[in-house]
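Required output: the full structure, derived from the provided sequences and hints.
Residue numbers for the sequence shown follow this note's numbering, beginning at 2 and rising by one.
These are computed hints drawn from the structure, not numbers from a lab. These numbers were taken from a predicted model, which means no experiment stands behind them. Certain hints may be false.
Distance windows between CB atoms, simulated [unchecked claim]:
1. I6 / G225: 36 to 42 Å
2. T448 / R202: 37 to 43 Å
3. T448 / R45: 17 to 23 Å
4. A108 / N420: 29 to 35 Å
5. P138 / G158: 31 to 37 Å
6. G201 / Q463: 28 to 34 Å
7. G225 / S54: 46 to 52 Å
8. T203 / V139: 27 to 33 Å
9. G225 / G30: 29 to 35 Å
10. D136 / G438: 22 to 28 Å
11. L299 / S151: 50 to 56 Å
12. R107 / R497: 47 to 53 Å
For every residue, glycine included, the Cβ atom is placed at its ideal position computed from N, Cα and C.
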Amino acid sequence: MPPTIDASFLALPLRALADAALARARALGADHADFRFERVRSARLNLRDARLSGSDDTTDTGYAVRVLHGGSWGFASGIELTMDAAARVAGSAVAMAKLAATVRGRAGGAPVELAAEPSHGERTWVSSYEVNPFDVPVAEQAELLGDWSSRLLAAPGVSHVDARLWTVQENKFYADTAGTVTTQQRVRVLPDLTATAIDGRTGAFDRMQTLAPPTGRGFEYLTGDTWDWDGELAALPELLAEKMAAPTVEPGAYDLVIDPSNLWLTIHESIGHATELDRALGYESALAGTSFATVDQLGSLVYGSPAMHVTGDRTVEHGLATTGFDDEGVATGEWDLIRDGVLVGYQTDRAMAAAQGMGRSTGCAFADSPSHVPVQRMANVSLRPAADGPDTEELISRVERGIHVVGNNSWSIDMQRYNFQFTAQRFFRIENGRLAGQVRDVAYQATTTDFWRSMEAVGGPQTYVLGGSFMCGKAQPGQIAAVSHGCPSALFRGVRILNTAHEADAS
2 MPPTIDASFL
12 ALPLRALADA
22 ALARARALGA
32 DHADFRFERV
42 RSARLNLRDA
52 RLSGSDDTTD
62 TGYAVRVLHG
72 GSWGFASGIE
82 LTMDAAARVA
92 GSAVAMAKLA
102 ATVRGRAGGA
112 PVELAAEPSH
122 GERTWVSSYE
132 VNPFDVPVAE
142 QAELLGDWSS
152 RLLAAPGVSH
162 VDARLWTVQE
172 NKFYADTAGT
182 VTTQQRVRVL
192 PDLTATAIDG
202 RTGAFDRMQT
212 LAPPTGRGFE
222 YLTGDTWDWD
232 GELAALPELL
242 AEKMAAPTVE
252 PGAYDLVIDP
262 SNLWLTIHES
272 IGHATELDRA
282 LGYESALAGT
292 SFATVDQLGS
302 LVYGSPAMHV
312 TGDRTVEHGL
322 ATTGFDDEGV
332 ATGEWDLIRD
342 GVLVGYQTDR
352 AMAAAQGMGR
362 STGCAFADSP
372 SHVPVQRMAN
382 VSLRPAADGP
392 DTEELISRVE
402 RGIHVVGNNS
412 WSIDMQRYNF
422 QFTAQRFFRI
432 ENGRLAGQVR
442 DVAYQATTTD
452 FWRSMEAVGG
462 PQTYVLGGSF
472 MCGKAQPGQI
482 AAVSHGCPSA
492 LFRGVRILNT
502 AHEADAS
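Given below as structure tokens:
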């Protein structure tokens with residue numbers, strides 16, 4: 002039976018509050034107004050060496066009114082669930098817009114315009130999951146994480162294990178003066194375990210984390226066959242022991258076969274943020290800077306090789322940024338960002354799309370809380386696989402001297418999303434088309450365009466994995482958003498490899 006909207010959310014006076022707020026905004030002359038009621042429940046469970054070390058379960062509830070009045074935005078939020086309070090919040094939003102219009106007029110700023118969006122009437126949307134994690138007792142969740150932790154602790158060489166489960170249920174009700182009314186529910190989970198090994202003789206230590214990505218699924222992700230937890234937990238201790246004993250890497254130029262468990266983060270940092278239109282236009286620079294991929298290069302910038310096809314997508318099943326409608330009432334979809342290696346599109350909200358003369362928003366407006374204004378946020382930005390592409394083993398067989406990169410770790414990238422370096426959980430030498438054991442102290446370094454232009458081949462659909470993060474930051478005041486990035490394994494030629502231990506000593 003498919004999941005439905007939480008009955009306790011539907012029992013709230015959603016429509017009545019919206020009607021009161023929108024009616025007041027209209028009466029005060031707003032050209033556009035929208036009402037958004039949110040209830041976001043977030044729970045975290047942490048275990049250290051199979052023992053519970055912390056847990057929390059919080060809920061953020063409230064509503065917001067945003068108006069466009071006199072060419073300027075106004076915004077206000079509240080928590081009092083009465084019609085009079087909702088009307089007062091709308092009045093505050095209009096007052097803010099009038100003040101903003103005065104400031105904008107003195108500065109000679111252009112009025113805000115919105116890209117057109119049809120009315121979608123009344124719509125309901127629920128993300129794809131089977132078992133709501135909030136229906137599973139915390140004791141049962143802790144027991145499962147404890148069992149997994151004990152398995153790792155029982156293996157030779159594992160000194161400590163940290164286990165984490167982060168679960169979120171996000172409910173949103175939206176209504177606007179154009180007649181769109183949406184009620185939505187999203188569920189997502191982030192489980193991971195990290196094993197630590199310590200050499201008692203030398204004091205050296207290292208860690209290795211599970212590769213299972215966060216996902217827009219329910220608790221069935223931890224108990225079903227979507228991910229091979231038993232296989233990953235069984236393999237982790239031996240991989241960690243091999244990493245502890247691995248030789249340090251010789252720096253230089255190498256061919257790389259990068260696993261989706263690592264490549265998703267490179268996509269996020271060097272493509273995802275760089276193709277946010279507000280960054281490309283210079284409207285936004287918080288946390289991730291602006292973008293080298295400026296709008297004058299749209300249609301001409303050779304971002305990568307002809308094998309590169311990247312899409313923005315708010316509809317992919319189980320995506321962390323997937324939703325039916327964004328926080329401006331825009332129906333979501335999928336579109337090209339990079340096609341045949343050339344920059345062809347951006348991620349937009351309604352104001353950014355209108356500012357650049359685009360016909361319609363790509364549906365990327367999102368607010369992480371009822372007290373925050375919606376801003377343009379990242380879609381599920383993904384590198385598409387080749388329809389009949391090779392598997393990972395075939396890509397490795399094409400390399401004489403290289404490195405197979407697995408699992409994400411640390412990264413560094415400049416504020417134009419151009420110069421970067423990334424590390425990983427595991428690096429395997431490739432010699433004459435075969436894996437030849439792990440190496441350590443590895444980072445790959447490049448500029449965004451040099452890196453993606455060096456991509457010779459992408460794997461087939463059988464190598465494709467939807468990775469992602471719960472913690473993409475943006476805006477001031479800061480907001481976080483969950484986002485997925487799918488990709489296949491991919492082969493890159495002649496990428497610069499640094500020895501991180503040598504670099505640290507040199508500094």
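Going down the list of hints, with the structure as the test:
{"no.": "1", "hint": "I6 / G225: 36 to 42 Å", "result": "violated, 23 Å"}
{"no.": "2", "hint": "T448 / R202: 37 to 43 Å", "result": "holds, 42 Å"}
{"no.": "3", "hint": "T448 / R45: 17 to 23 Å", "result": "violated, 37 Å"}
{"no.": "4", "hint": "A108 / N420: 29 to 35 Å", "result": "holds, 33 Å"}
{"no.": "5", "hint": "P138 / G158: 31 to 37 Å", "result": "holds, 33 Å"}
{"no.": "6", "hint": "G201 / Q463: 28 to 34 Å", "result": "violated, 42 Å"}
{"no.": "7", "hint": "G225 / S54: 46 to 52 Å", "result": "violated, 27 Å"}
{"no.": "8", "hint": "T203 / V139: 27 to 33 Å", "result": "violated, 39 Å"}
{"no.": "9", "hint": "G225 / G30: 29 to 35 Å", "result": "violated, 54 Å"}
{"no.": "10", "hint": "D136 / G438: 22 to 28 Å", "result": "violated, 45 Å"}
{"no.": "11", "hint": "L299 / S151: 50 to 56 Å", "result": "holds, 54 Å"}
{"no.": "12", "hint": "R107 / R497: 47 to 53 Å", "result": "holds, 50 Å"}
Checked against the numbered hints above, the structure breaks hints 1, 3, 6, 7, 8, 9 and 10 and satisfies the rest.
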